[in-house]
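Q: If you want the building blocks of each chain, they are given just below.
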Amino acid sequence: MSKKSTKSTSKAKAMAKSKVRTSVKSPAKSAIKMGSAFAGFPRELLLRLHSLMVKSRVLEERLIKIYKAGEGYFWIGGPGEEAFGVALGLLVNKGQGLEHDWLHLHYRCTPTMVALGMPMIDAVRLMMNRATDPSTGGRNFAGHYCFPKWNVAPVTSPIEVQYPLACGTAHAQKRAGHKSISIVTGGDAGTAEADFATCLIWSSRKGQELPVLITVQNNGFGISTPYEGQHGETEIADRARAFNIRARVIDGNDPIETYLALKEEMDYIRKTGKPSFIEAKVSRLYGHSSADGANRKTELVDPVLTFEKKLIDAGLLTKVEAEKIWDLYEKEGVDAQLLARSEPAPAPESVWDHVFVNNENADWRKF
Amino acid sequence: MASVAQAIRMALHYGEKNLGVKDIFGQDVGAPLGGVFTATQGLKTAWNTPLDERGIISVAMGIAMTGDRCVAEIQFADYIFNTMDLLKIAGNTLWCTNGQTSLPMVVMTPVGAGIFGSVYHSHSFDAWASRLPGWKIVMPSNPLDAYGLMLAAIKDPNPVLYLKSKALMRHKGEELIPGEPSDEKILKSMIDKPVQNSVGWRPRWPDLEEYTVPIGVGKITRKGEHITVVTYSRMVSLCVEAADKLAPEGISVEVIDLRSIYPYDWSMIKNSVEKTGRVLFVNEDTEVTNFGEHLSYRITQELFYQLQARPRVLASKNLPGIGLSPNLERNSVPQYNDIEMVIREIVAEVP
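Going down the list, the protein sequences come from chains A and B. The opening position of the first sequence corresponds to residue 1 in our numbering, with each subsequent residue numbered one higher. The opening position of the second sequence corresponds to residue 1001 in our numbering, with each subsequent residue numbered one higher.
It is possible that some hints are incorrect.
[What the hints assert, rightly or not] If you want a taste of the chain B side facing chain A, the calculated C-beta under 8 angstroms gives, among others:
#1 Arg1054
#2 Leu1094
#3 Pro1133
#4 Tyr1264
[To be verified] If you only want the chain B side, here are some residues facing chain A, beta carbon under 10 angstroms, derived:
#5 Asp1023
#6 Trp1047
#7 Ile1057
#8 Ile1063
#9 Thr1066
#10 Asn1082
#11 Gly1091
#12 Thr1093
#13 Cys1096
#14 Thr1097
#15 Pro1157
#16 Pro1263
Derived by calculation from the structure, the hints in this document are not laboratory data. Even glycine gets a Cβ: it sits at the ideal position worked out from N, Cα and C.
Just chain A, same shape as in the assembly:
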């Protein structure tokens, strides 16, 4: 990690702490307290965070290689969001049905999916538009996951529509009386869409608040347009505060800070039934997508390497052990690519499948 990035991380942390303003009661103290370098996290959890972050990174880099090798048409994903996404995936009340959390994710959510337990091969199948792709059957882009067994709502290309959808699932969850919540992720540029405001408005109506964890992964860009060219507000979190939604800004490149913040806010939502907001500052390590080259931005903080170095420096992980983890996932990625390459593409005639439920005929020629 460069001095510059260390500085910016520290600055972000300091800023995050200073900006945790709440309009309601102070957050309940987390079971895991801040203080030491790793906030008292058990070694097992630290290594699990690291392992999943590495896995997600290796997977995304594999997907980029698949694109660059001409075996996929388009890549978009989340390298740089590992710290935030993995922490989120580990904290979710995972499962299907209203008693579990709902996830409305954006297309940089591979780290969350990896933490939930998605095997690499399923992301590769999506990337290579195989019929075996469990999310879309070869119909949609990389990163557009859908896993009903974990309440992972379909990821859409139109940005920000996931925000108000989260209000819909949260409404049903609240009615069902469970402590489950709806979680939404999205980018900073997308907050310009009306749907972001819709989420703030619908989730915060007095007496009708909804259990939604509203998060923004602020990577400082909307495709090529810098943050400064799109925003007048000091922090995106300020917009949530205007609706009396408890809000904070965190360093989303730090898995410990992210984990603690997410846990605290999730606990708060489960306890109160009210929304909460997190703006996480993250890196966009490979640009927007394959459309702008998908090349590594070396000037940005790398959350995976930064965290790994901290673990090694603290003696919690050796370099050799770290290398083994990278190698292990690299092999899994290569094997996944080889397997997906051998799997069938969707059949042309399958275009009419699933227009309507149970394949009821939707072709007017057959009416």
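Dock chain B against the given chain A, drawing on the hints supplied.
A: Showing chain B alone in chain A's frame:
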């Protein structure tokens, strides 16, 4: 006889009581108003939303994603256009997820002209809706069908757009809804919120029965031999009027109330046109890229050599809006005289 608004209200009540509807929502849908056309008065699960059409559609999608049933309303179709990409997503979600995520939701919205509603209370939406694959689209023309199509829409596992004619909301039909009291004054006293002193008012619902109109099934409202007129919604009664007026002159008009835009009852249309050899499609959306044009195209493809006259589409003029003055609206949207005139022209055409 119930009005269309009362029929919809009773259908929604039946839905929340018997079909698992847990949310009926939109702007002014809940108390105290119960809908700008009173179609949601007194319903147990009706609630008011912020003035936010995109929020209404996306929250419906979220609720449907959990498997709960809901009916959402956009107050007028004129204001549905800013939700177009959400409607697209709702229609493509099942397909995009390879059959994994269905959205069993109903969106109802008042459509069409006929109330002198000027530019933003006169829009139609059927042609637009027909370009939303993944949705089923229904358009009732009378109270009984309004009831039966709403029940079918609620029970359907797909997203269903329920387009209700603004001008028909107070229109009364000729057939009773199963369970409806035969005396309309009694019905009114049971389910209409009093205009005065309505605090604490609760409806007394009649003992309604299940009655569904299958989506995709039309109805022949007048049998005839010389020409087929295919229409739906508000235009049905005008076409029927034309059929009745022309019958004594020996012009026998078959009128099909299509009832569903998608899927549509092709076999009913085909069988009728094979018999008559002449066909007119009537609706009130604008004429360029009109749904009737699709049907007309299909007629020419499949029945070209059986036709005795050119198929015609009678629709609204391709204008940016419908003007408030009756002179402007009547010269924009098909009127009775237009329908009668075109029928006469087609019947008179010599191959």
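Q: Just pull the numbers of the violated hints for me, sorted ascending.
A: Going through the list in order, the structure violates no hint and respects every one.
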